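Trainee: Listed below, chain by chain, are the residues.
Protein chains: 2
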Amino acid sequence: MKFSKVLGCAITVLFVAATLASLSLAQDETTAKVKVRWRMPTSFPTVLDNLHGGGVMLTERVSALTDGGFKITPYAAGELLPAFGVLEGIQTGSVEAGYSGGFYYLGKNPSLLFDTVVPFGMTPRQHYAWMMEGGGLEMMREVYAEFNTINIPCGNTGAQMGGWFRKPIDSVDDIKGLRIRAAGLTGAIYADLGAVPQQIPPTDLYPAMERGALDAVEFVGPYDDERLGFHKVAKYYYSPGVLEAGTSFSLMVNKDSYEALPSSYQAALQSACAEVNSRTLARYDDLNVKALRRIVNGGVELRAWNEDIMIAMKESADNVMGKMAEDSAQFAAIYKKWKDYRDSQLLWTSVNDTAAENFLIRNTK
Amino acid sequence: MKFSKVLGCAITVLFVAATLASLSLAQDETTAKVKVRWRMPTSFPTVLDNLHGGGVMLTERVSALTDGGFKITPYAAGELLPAFGVLEGIQTGSVEAGYSGGFYYLGKNPSLLFDTVVPFGMTPRQHYAWMMEGGGLEMMREVYAEFNTINIPCGNTGAQMGGWFRKPIDSVDDIKGLRIRAAGLTGAIYADLGAVPQQIPPTDLYPAMERGALDAVEFVGPYDDERLGFHKVAKYYYSPGVLEAGTSFSLMVNKDSYEALPSSYQAALQSACAEVNSRTLARYDDLNVKALRRIVNGGVELRAWNEDIMIAMKESADNVMGKMAEDSAQFAAIYKKWKDYRDSQLLWTSVNDTAAENFLIRNTK
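One line per chain: the protein sequences are A and B, in this order. Here the first sequence stands for residues 543 to 907, where the numbers follow the numbering used here. Here the second sequence stands for residues 543 to 907, where the numbers follow the numbering used here.
Hint data in this document are derived by calculation from the structure and do not stem from the laboratory. These numbers were taken from a predicted model, which means no experiment stands behind them. Treat the hints with care, as some may be off.
The list treats identical chains as one, so a pair stands whether inside a single copy or across any two.
Straight-line distance between alpha carbons at most 25 Å, and here's what the computed BS3-like set of lysine-lysine pairs gives [unchecked claim]:
#1 LYS650 with LYS878
#2 LYS881 with LYS832
#3 LYS575 with LYS613
#4 LYS832 with LYS878
#5 LYS832 with LYS879
#6 LYS878 with LYS856
#7 LYS718 with LYS865
#8 LYS709 with LYS774
#9 LYS774 with LYS832
#10 LYS577 with LYS613
Can you build the whole structure from these sequences, using the hints too?
Mentor: Put into structure tokens, the structure is as follows:
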């Protein structure tokens, strides 16, 4: 080996050593700051980058607020726990927190529905008013207490779309027999309407539509739906999303883990969730209209449910919710208060905010 | 003096001394935590407890997030600076921050309008999407940079009401000659419609209406309006608030003060503002409908603007804004982008969210 080569190697070794040293120093500095480490599974695959992304944003904001002291590591669905195993993981203490939606756990307690979205229910803004000012959060905290869990509203999609259909839906008869992917309560409503709801994980939906195993998909909205490719396998895209007029997600935290936090870290969770709640909705509003334009320009036919179909959906929703209220006194009690609040918010918006918006819709070109 | 009395006095003195010592200890502990102290005037009197209160909430959340390290003291309008002297106070560095609205300073720069509310403009949700995802915040930061100030969206009233009138307004002719309290751009629009707008501080409005010096008041919404007593001096209450479909307030911060903060304190301002933004709106939504019911039950007649009046208002708004765009290239450039964004958000909501809300308004009793 020539001298120059030996020297070269030595320099390389020195350089690598120095780099490693500085990397490890940087890591030490970062690590030294961390005072609390949590793991937080979400119920979403990474492809849904504004749903899983809401959880990621939360962890980033909490880190920024605590000067790196509170490190929460997010995990996509399946990485640590199954998509809908999040609440159980928190309850048993196998994870400290999770980013999910109450309505995925109706089998555990149907009242968890009110944490997320109720058919023919409130807008994101109205839901937040109910939660923060109308006693909703207090009632939901009681429901989650059964699972040793605290919930914080933390993300919203806005109204979801009516869904993707291979054939036009001109009457309730056209719904009968349809194999439609519709999760949770939406599935029960479609069953009441005579459809055959299917439970299929998000990333399996496109192939199921492609090979004809499914006739229709109700999923989220233009941005997420386009990412999953539904515009390539269904011609008709229906709105408005009366079955989910604003779907709210929650940070769920193990109660013992929450109470062990210093109060400023508890405050960080609360403020960061409020921020994520608005920011995810802003992102959806920004992204959805762009995606909708691409989808329609690509040849998909955008259609509005006719009034008869929406009225039938509302009757089915009332049936399904009515049965749930018969089976659970807790559900019945929350449902009554929730309905009173929705009706008062409807009155207010019909007088002012929605009335102003309707004028603009009529008169802007 | 009996011995028992002397003893009693001594015990009292000891008790008082001990109490004072413990008070002073508690104060020392609190004071020791404070690392940054700011003063923050607001543009609102304390009677408007959800407007001034939004500022107060911000200071409380920032304190909680920083474990008491960042103490911001709020001052109501007039306590430290005049209501509309806030931006100048920040620019000159006499205070570090303020809680106010851009539209109070149109004389300094008309483009500040877009920070707050534009006639026939966006809902709170759409405004937030424009700010955070549509390039709005970036443009507004450029405008505020002229004043060495950074703005953060931090509170919203929702759509404001059309206002209080002594006589019915059945046509545009009924507006002509009206002495109406209408601030800022709303005043200019009423002037264009033939009214005679008046600038009167909030707490002087009730006496002015009572003694007949004013014919009408456009102010905020049922909750604030009721607190100022307008329902006692005007019979007709008009909606919808097309001239202010969502009025957004801002935390304004001196740029040097902001940049001197540790990054976690900057994050605290941002997250706390996002939280206050949603929480003030939730409070208004909760309080406004209750106040509206009281107002209507008390004999006030709630009326909707007829279509012709709203169309005339829109033409006047277009006139006024058109002139502003002629006078300022900056205003013209922002206005164009703002309008494109509003129109795309209108399209989206007309397809989905507002369409769902309208079904509910039609079909819920």
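Trainee: Each hint: holds or not?
Mentor: Cross-check of the supplied hints:
no.	hint	verdict
1	LYS650 with LYS878	within (21 Å within a copy, 51 Å between copies)
2	LYS881 with LYS832	between (34 Å within a copy, 16 Å between copies)
3	LYS575 with LYS613	both (9 Å within a copy, 23 Å between copies)
4	LYS832 with LYS878	between (38 Å within a copy, 18 Å between copies)
5	LYS832 with LYS879	between (37 Å within a copy, 15 Å between copies)
6	LYS878 with LYS856	within (17 Å within a copy, 41 Å between copies)
7	LYS718 with LYS865	within (21 Å within a copy, 58 Å between copies)
8	LYS709 with LYS774	within (14 Å within a copy, 58 Å between copies)
9	LYS774 with LYS832	within (17 Å within a copy, 48 Å between copies)
10	LYS577 with LYS613	both (8 Å within a copy, 24 Å between copies)
Hint compliance for this structure: every hint is met.
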